[in-house]
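Colleague: Letter by letter, the chains look like this.
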Amino acid sequence: MIRVVRSAVIDAPIERVWSVLRDFNSHTAWHPVVADSHIERGEPSDQVGCVRNFTLQDGNHIREQLLTLSDRDHVSTYCILDATLPMQRYVATVTLKRVTDGNRTFWHWESTFEVPRGREREFADLVGKGVYEGGFAGLRAYLRGAPRAAAPRGDALQGHGMLVSSFGGPEVLIAATVAAPPPGRGEVRVRHTAIGVDYIDVYVRRGEYRMIEPPAAPGMEAAGVVVDVGEGVTHLLPGDRVAYACAPPGAYVDVRTLAADQVVALPDEIDDETAAALMLKGMSAQYLLHRTHRVHAGETVLVHAAAGGVGLLLCSWAKALGARVIGTASSEDKARLARAHGADAVIVTRDGKFAEALQDATGGAGADVIYDGLGGPAHGENLAALAMCGHWIAYGHAGGAHGTIDTNALSAKSATLSRPVLFHYTATRSRLVEIADALFDAIRRGVVRPEIRHRYPLSAAADAHRDLESRRTMGQLVLRP
Amino acid sequence: MIKVYTSSVIDASAEAVWAHVRDFNGLPKWTPFVAESRIENGEPSDKIGCVRLFRLKDGGVIRERLLTLSDYDLQCTYEILESPMGVENYVATLKLTPVTDGTRTFAEWWAEFDCAPEREAQLSRQIGDGVFQAAFDSLKAAFRR
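Here the protein sequences come in this chain order: Z and P. What the first sequence shows, in this note's numbering, is residues 1096 to 1576, in sequence order. What the second sequence shows, in this note's numbering, is residues 4 to 148, in sequence order.
There may be inaccurate statements among the hints.
Stated by the list, open to error - Using C-beta positions, here's what the derived DEER-type ranges look like: (1) P:LEU70 with Z:CYS1174: 32 to 40 Å; (2) Z:GLY1225 with P:GLU46: 43 to 51 Å; (3) Z:ASP1153 with P:SER73: 48 to 56 Å; (4) P:LYS50 with Z:ALA1219: 45 to 53 Å.
Said to hold, decoys possible - Chain Z side only, calculated, beta carbon under 7 Å to chain P, not exhaustive: (5) ARG1101; (6) SER1102; (7) THR1190; (8) VAL1194; (9) PHE1231; (10) GLY1233; (11) TYR1237.
If you're looking for bench data, these hints aren't it; they were derived computationally from the structure. For every residue, glycine included, the Cβ atom is placed at its ideal position computed from N, Cα and C.
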């Protein structure tokens, strides 16, 4: 058992010192090692039993519970509930006493706790010097009115974002200030480092997918660093590098608070930009190739928009699975890129016709699987290109809405039609982690790789949308906040 | 019940200050108002229950019994058995606490007692300022760096 005791005399009346220290969440305002703090469940900071959830400047994370608070005796006792530091049974007491001789305050700070054998000195110093002596100096400075660098915690973090001001074209994306509130139960606050642009963002912006009500930020995926986590979040810690791809939209901001269960920690070897570019598209490619249809060696796979953000990933991953990969693209440049990512052949088409070329390329057998991000206008061609008993997977509609698909038309080839949505496949935490891990593994093994040719500042999100919609882009688009 | 509380900061370690004030028979050595003192029945001055009989410089005689002495908590509690002050149920505690920030001592001295209501203010002042603070001032002077 380690016992640490520190005490000091503060040149201020006890009422003044106590008014600060009795607030269990005030340490973020005066203690130099506290980066961020909030009281869980929104409870008052002088409610015995309340829990302060805070982050130290070094990234460590601690939850402490208030056990005693006495305005009569000027005593506050608290304990650590959990911490990223190996401290056990930590109970601390702050006691203030009036120095009647000079109207000053005696501050006594004491704790007992246990740490792993051999680290006693290290932690006695950490607590005694870093926390208690540092706290004395911090409070003195605070009472003198000296500013403190860190933002007060419990407050929303101010940031910038691009909002859809009203449904419409790219011009409706406007810059605005945003606020990320402290994370509530099950939430995490993330400072974005890279944001992915997806075609779904266009649908959301146009109002075709009614997932936001303007003004609101679009954006389904991003990577960044955890600022803090709310109660009940155990898989993330402040400072963790993370990424996500999930509803609801809102990623076009530099700092955001969102549900933590859709956020995954990033492996060290996957950089933020890669993660932002590939979370949604890569997880899509994963489930499309392994769950919606389990691609086998020898199957012929047709990938539309083969040089697009998802297309390139489908090409390389399907190739790695042993499939024969045929792509479609609207230019020779795009065809070259698709081939570089694993496509065996690419049909260059500017008029939307590809079935005949595909039948020629397969000796009339057709495609066993079609990964269709084109939509309604390509229905007839897709049916014509499909092999007998083939699988038509309509996962997107960049060329126009799918509208009604005549199931009778499917019987001409005993075709299977799928209309999958990523978020259904990642709805549970275990499925999400499974798909994300498979993607990370594929990136590590070089099975898929990012192709980021278009980077924009977040403030130029409208340009990114214009480029994406004009079919000028190849690979993935990333916004940098 | 009246409570009088006085506290101060002495520029010396708590061990040094405690050594200076621990002796229940030592008031003449460190307070400005006690002329002479002895322990009744020849008992040691750190025997709990011992009684000190001392004479103030103004001539008053007081008998006090030692109730608590702690070399661990650096505190001493005693009660008045007889005095000319007109107080009843008088129990007082002198307590020292180390100030780790600067090797100083936080010294507290408090008393609780009953008295006639019209004498409360005067007695509080007399005990708080005339006795406790006066003794602290002597301590501060003794340890002035």
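Colleague: Against each hint, give a clear statement of whether it holds in the structure.
Modeller: Verification of the hints:
At about 34 Å, the beta-carbon gap between LEU70 (chain P) and CYS1174 (chain Z) stays in the expected band of 32 to 40 Å. With their beta carbons about 49 Å apart, GLY1225 (chain Z) and GLU46 (chain P) fall inside the hinted range of 43 to 51 Å. Under the hint 48 to 56 Å, the C-beta atoms of ASP1153 (chain Z) and SER73 (chain P), about 40 Å apart, miss the expected range. Take LYS50 (chain P) and ALA1219 (chain Z): their Cβ atoms lie about 37 Å apart, and the range 45 to 53 Å is violated.
For the restraint placing ARG1101 (chain Z) at the interface with chain P, the shortest Cβ-Cβ distance is roughly 5 Å, inside the 7 Å limit, so the hint holds. Taken as an interface hint, SER1102 (chain Z) checks out: its beta carbon lies about 5 Å from the nearest beta carbon of chain P, inside 7 Å. Because the closest C-beta pair between THR1190 (chain Z) and chain P is about 9 Å apart, greater than 7 Å, the hint is violated. For VAL1194 (chain Z), the interface hint holds, the least distance from its beta-carbon to any beta-carbon of chain P being 5 Å, beneath 7 Å.
Evaluation of the PHE1231 (chain Z) hint against chain P yields a held restraint, the C-beta minimum of about 6 Å falling below 7 Å. The restraint placing GLY1233 (chain Z) at the interface with chain P is violated, with a minimum CB-CB distance near 13 Å, outside the 7 Å limit. Given the 7 Å rule on beta carbons, the hint for TYR1237 (chain Z) is violated: about 16 Å separates it from the nearest Cβ of chain P.
Checked against the numbered hints given earlier, this structure breaks hints 3, 4, 7, 10, 11; the rest are met.
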